[in-house]
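Participant: Below, each chain spelled out in residue letters.
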Amino acid sequence: MTKKIIIFMIISILFLFITGCWNRRELNELAISVGEGIDKEEDLYKVSTQIVIPGQIESKTAGPSFGAPVELFTATEDTVFEGVREITRESPRKLYHSHLRVLVIGEALAREGISDVLDFVSRDHEFRTDFYIVIAKDTSAENVLSILTSIEKIPANNMISSLETSEEVWAPTTAVTLDELIKMLVTEGKNPVLTGIMIQGDPSIGGTTQNLEKIPPSTHLRYSEMAVFKKDKLVGWLDRDQSKGYNFIMDNINNTVTDVSCPKEGKFNFEIIQSKTNMEAKMEKNTPKVDIIIQSEGNVGEVKCNIDLSKQKTIEELEKRIEDNISNTVKETIKAVQEDFSVDIFGFGDAMHRSDTKAWNKLKEDWNETHFADLDVQVQADIKIRRLGKIGNSIIPEIKE
Amino acid sequence: MLLENIRAMREIKKGEAMRRRIQKLIKKKTKDLNSKTLDQKQKKSIISSLEESIKHLNETLGNSDDFVVRKISVGKEEDINIGIFYIEGLVDTERVSDFIIEPLMFDFQEDESIHSKQDLLTVIKDSTIAVGDIQDVSDYESLVSSLASGYVIILVDGFTKGFTIGLTNENYRNVTEPSQETVVRGPKEGFTETLRTNTALIRRKINSPNLRIETRKIGEVTQTQVSIMFIKGIVNEKVLEEVRARLSKINIDGLLESNYIEELIQDKTFSPFPTIYNTERPDVVSACLLEGRVAILVNGTPFVLVVPSLFIQFFQAAEDHYQRWDFSTFIRFLRIACFFITLLAPSLFIAITTYHQEMIPTPLLISLAAQREGVPFPAFVEALLMEITFEILREGGIRMPKAVGQAISIVGTLVIGTAAVEAGFISAAMVIIVAITAIASFVIPAHNMSISIRLIRFLFMGLAASFGLFGITAAFIGLILHLCSIRSFGIPYMSPFGPFNVPDQKDSLFRLPLWRLSTRPRLVNQQNINREQSPSPKPPSKK
Numbered sequence: 001m002t003k004k005i006i007i008f009m010i011i012s013i014l015f016l017f018i019t020g021c022w023n024r025r026e027l028n029e030l031a032i033s034v035g036e037g038i039d040k041e042e043d044l045y046k047v048s049t050q051i052v053i054p055g056q057i058e059s060k061t062a063g064p065s066f067g068a069p070v071e072l073f074t075a076t077e078d079t080v081f082e083g084v085r086e087i088t089r090e091s092p093r094k095l096y097h098s099h100l101r102v103l104v105i106g107e108a109l110a111r112e113g114i115s116d117v118l119d120f121v122s123r124d125h126e127f128r129t130d131f132y133i134v135i136a137k138d139t140s141a142e143n144v145l146s147i148l149t150s151i152e153k154i155p156a157n158n159m160i161s162s163l164e165t166s167e168e169v170w171a172p173t174t175a176v177t178l179d180e181l182i183k184m185l186v187t188e189g190k191n192p193v194l195t196g197i198m199i200q201g202d203p204s205i206g207g208t209t210q211n212l213e214k215i216p217p218s219t220h221l222r223y224s225e226m227a228v229f230k231k232d233k234l235v236g237w238l239d240r241d242q243s244k245g246y247n248f249i250m251d252n253i254n255n256t257v258t259d260v261s262c263p264k265e266g267k268f269n270f271e272i273i274q275s276k277t278n279m280e281a282k283m284e285k286n287t288p289k290v291d292i293i294i295q296s297e298g299n300v301g302e303v304k305c306n307i308d309l310s311k312q313k314t315i316e317e318l319e320k321r322i323e324d325n326i327s328n329t330v331k332e333t334i335k336a337v338q339e340d341f342s343v344d345i346f347g348f349g350d351a352m353h354r355s356d357t358k359a360w361n362k363l364k365e366d367w368n369e370t371h372f373a374d375l376d377v378q379v380q381a382d383i384k385i386r387r388l389g390k391i392g393n394s395i396i397p398e399i400k401e
Numbered sequence: 001m002l003l004e005n006i007r008a009m010r011e012i013k014k015g016e017a018m019r020r021r022i023q024k025l026i027k028k029k030t031k032d033l034n035s036k037t038l039d040q041k042q043k044k045s046i047i048s049s050l051e052e053s054i055k056h057l058n059e060t061l062g063n064s065d066d067f068v069v070r071k072i073s074v075g076k077e078e079d080i081n082i083g084i085f086y087i088e089g090l091v092d093t094e095r096v097s098d099f100i101i102e103p104l105m106f107d108f109q110e111d112e113s114i115h116s117k118q119d120l121l122t123v124i125k126d127s128t129i130a131v132g133d134i135q136d137v138s139d140y141e142s143l144v145s146s147l148a149s150g151y152v153i154i155l156v157d158g159f160t161k162g163f164t165i166g167l168t169n170e171n172y173r174n175v176t177e178p179s180q181e182t183v184v185r186g187p188k189e190g191f192t193e194t195l196r197t198n199t200a201l202i203r204r205k206i207n208s209p210n211l212r213i214e215t216r217k218i219g220e221v222t223q224t225q226v227s228i229m230f231i232k233g234i235v236n237e238k239v240l241e242e243v244r245a246r247l248s249k250i251n252i253d254g255l256l257e258s259n260y261i262e263e264l265i266q267d268k269t270f271s272p273f274p275t276i277y278n279t280e281r282p283d284v285v286s287a288c289l290l291e292g293r294v295a296i297l298v299n300g301t302p303f304v305l306v307v308p309s310l311f312i313q314f315f316q317a318a319e320d321h322y323q324r325w326d327f328s329t330f331i332r333f334l335r336i337a338c339f340f341i342t343l344l345a346p347s348l349f350i351a352i353t354t355y356h357q358e359m360i361p362t363p364l365l366i367s368l369a370a371q372r373e374g375v376p377f378p379a380f381v382e383a384l385l386m387e388i389t390f391e392i393l394r395e396g397g398i399r400m401p402k403a404v405g406q407a408i409s410i411v412g413t414l415v416i417g418t419a420a421v422e423a424g425f426i427s428a429a430m431v432i433i434v435a436i437t438a439i440a441s442f443v444i445p446a447h448n449m450s451i452s453i454r455l456i457r458f459l460f461m462g463l464a465a466s467f468g469l470f471g472i473t474a475a476f477i478g479l480i481l482h483l484c485s486i487r488s489f490g491i492p493y494m495s496p497f498g499p500f501n502v503p504d505q506k507d508s509l510f511r512l513p514l515w516r517l518s519t520r521p522r523l524v525n526q527q528n529i530n531r532e533q534s535p536s537p538k539p540p541s542k543k
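Note that the protein sequences, when read in sequence, are chains A and B. Each residue of the first sequence is one higher than the one before, counting from 1 in my numbering. Each residue of the second sequence is one higher than the one before, counting from 1 in my numbering.
Please note that a few of the clues may not be correct.
[Stated by the list, open to error] Heads up, simulated BS3-like pairs for lysine-lysine below, C-alpha to C-alpha not over 25 angstroms straight-line: (1) A:Lys183 <-> A:Lys264; (2) B:Lys205 <-> A:Lys3; (3) A:Lys231 <-> A:Lys335; (4) A:Lys4 <-> B:Lys55.
[Stated by the list, open to error] One side only, chain B facing chain A, incomplete, derived with CB under 8 angstroms: (5) Gly132; (6) Thr354; (7) Gln357; (8) Val375; (9) Ala379.
[Unchecked claim] Restraint ranges, calculated between C-beta atoms of paired labels, are given here: (10) A:Asp124 <-> B:Ala419: 55 to 63 angstroms; (11) A:Ser91 <-> B:Ala435: 32 to 40 angstroms; (12) B:Arg487 <-> A:Ser161: 36 to 44 angstroms.
Rather than coming from a laboratory, the hints here were simulated on the basis of the structure. All values derive from a computational prediction rather than experimental measurement. Cβ atoms here follow ideal geometry from the backbone N, Cα and C, with glycine treated the same way.
Kindly generate the complete structure, drawing on both the sequences and the hints.
Facilitator: Take a look at the structure:
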């Protein structure tokens, strides 16, 4: 008995040594990649990766530190995977992708198709599925990743924070993660939409710490409108209002501001604080039909005209105008997409598939080209004004008198 | 040829083995014989001649310096020779002269009631010596053992009988506040080194005639008094029988502390976990006795053993019952949390930072990575260094004289806290982990439990460094299996959790209000399960 125990103990102690800790990596052996960019150069993929320099970020002394907080490595190879490994020829440490925050895809590559790239990032065990994917508009992903930012020291963090915040309170962007993108790609009757990112200013200055020394940085990153994809290929861009309209249809509005004209002259703003969109697709007389019902609640945000907000009638009038405004935006968005791209990015086909599978099976063959382009979409908005803000009527008319 | 040689060799070997066995047997027999003769010698009844007895005693005790022989001659004609024997230091000499020598010399002088020689002993015992504890003794063995344990012996010339008189020197350490288990609220008395004082401290708390004490002597040489205390009618008889049986099996020459007994009677020897609870507090022992447990007191140590003891008992403190139940419950959960922190904090840190970096939120990872830049050791070595440094400091702090202890703690704080980090040997995060582990280990009220957890922690760290979270998970499952396999005097160690017992939950992890603690622990107590029937306090109803 005792002999057995001793043998067991010896074996287990030996186990500790023979394993050799094969995948052990200390924290200071990791090259933490927070942003990755993929471009296409002729037939090759150019992989750029933004590596955090921890020492620069966690400097104990307050104030700006000298030296960039991140480092960018690039490699051009036949495949993305080879590119990632090729980087080790420059980088002293092996890339660690689990903390990737954002994947930037160059516009040129996006126009050719992104599915080749997605296979590697969804297959490799180190990549999570919760990083955002954006498209570098009018520039390369490498350039986007080489712009320094100052509030968030890590540019990739700056990118995702800005994306999340703008989606949350303004809604012209949409934050799409890898798993959401793949889901959009594989769903019948739906096509993906990604947000674009642009460089404003000179990219060559943006990559130096000089960029951080001025109050208005010479170069900064800015989210543009949304990119429309036909399956995995980029086909065009929406403008800002269309992007908002897209988010309305996708029930992706948390908080945004709309701009509505007053009954007489002037304008007023309405802040949406809660919104819910229902989409329903059905067959009517052998033609597909989609109903969109938007229910929103919000506050009066800004008044620049002479209206009496203390009267119930005025509020009702305003609600009517907001309803018209929002349904017009949505209708125009749909119309533009139907005319310009003929790509069902809203998932009307998916809704049809779910509500009437038999009909969908007949329609799906030429859904985008024929049926989607001529689709009859009814939009209905239901708006409730809940609060007027801190003051009642606008002070503007009183100043004029 | 070769074969034959081998065979011959084998036979020779066989023969030798036999010879050895026989020798062993012979040795054992002679040993037995020796001890038997020794017994006979000591069992010898007292010789009537006083001079002979003195000679015999001096021989037995080897003319010890502290062995005092006082011979007095009393009676009208000073014809009665009385010998008084005691060991100096064990006996209160002042009282010996006041209550034994003085009455014998003066009161006895005038006594007319002695008619025959037979009356003499009765008179001495019944009307002369003014001491409560007086007993007859008729053989040298018990005489000598009484002498050694601090009794005064009186022998009268011409009689084969004497008396042992209890006048032990009670000039020991006073009852003071226990150094280990201090409380904010609750009794501030602790056991001392004297068995009698300790039993009295318990008796003062439990004034029931059912509180029983059984005393026996253990230790061939030291002859240490060991008492079993229990409350008849409440105690689990099976456990009591088991305690008696296990104690009687002990055959050791010396017994200096209760740990000797603990190690000799515990259920599982190859386990880091203590299966016998020890305490310095009479109130804790009383509470355990009231739950039906058995206490083992050893003369010479303030630490009293309590059996059977369960895993959860080591996370309960006396104070849990002296303060509000809701707070006590919170504190108990805190202790369990500290148990996990002590056990797992360093190993989880090692596993996560070396294998599972994806589990750390990105900003934290960058912060940790920044701290680790330039640290020359792997996380495991770093943790091991710090943990061992801490253990050294802790041990050093205990052994150092109190005045130097301060210096140790200052050096420790400087060395661990500041210098090591600033020099870049150790990352700041590791210092935090080691510090929280150390502090958490002191939250566990039972010192012996916290030591064992500290020990297992190193195993966990090693596994975490080689296998990551898989190692920790495997070790944790093993730990739970081990804990569930232990028994303390037949009671499953992990009860009331495994086996799960609903009524016993009320005072294990939770501490329900006192009016809800109506029954004693079911597994400990097999009879007389009901403890109280107090109703819950209610405000007077409105009329």
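Participant: None of the hints should be skipped; say for each whether it holds.
Facilitator: Here is how each hint holds up against the structure:
1. A:Lys183 <-> A:Lys264: With a Cα-Cα distance of about 47 angstroms, the restraint between lysine 183 of chain A and lysine 264 of chain A is violated, given a limit of 25 angstroms.
2. B:Lys205 <-> A:Lys3: violated, 49 angstroms
3. A:Lys231 <-> A:Lys335: At roughly 20 angstroms apart (the allowed maximum being 25 angstroms), lysine 335 of chain A and lysine 231 of chain A satisfy the hint.
4. A:Lys4 <-> B:Lys55: Between lysine 4 of chain A and lysine 55 of chain B the Cα gap is close to 58 angstroms, so the pair fails against 25 angstroms, i.e. violated.
5. Gly132: The hint is violated - glycine 132 of chain B has no Cβ within 8 angstroms of chain A, the shortest such distance being about 53 angstroms.
6. Thr354: Where the cut-off is 8 angstroms and the nearest Cβ of chain A is about 5 angstroms from threonine 354 of chain B, the hint holds.
7. Gln357: Given a least distance of 6 angstroms, the restraint on glutamine 357 of chain B holds.
8. Val375: holds, 7 angstroms
9. Ala379: holds, 6 angstroms
10. A:Asp124 <-> B:Ala419: 55 to 63 angstroms: Since aspartate 124 of chain A and alanine 419 of chain B have Cβ atoms about 42 angstroms apart, the given range 55 to 63 angstroms is violated.
11. A:Ser91 <-> B:Ala435: 32 to 40 angstroms: holds, 35 angstroms
12. B:Arg487 <-> A:Ser161: 36 to 44 angstroms: violated, 58 angstroms
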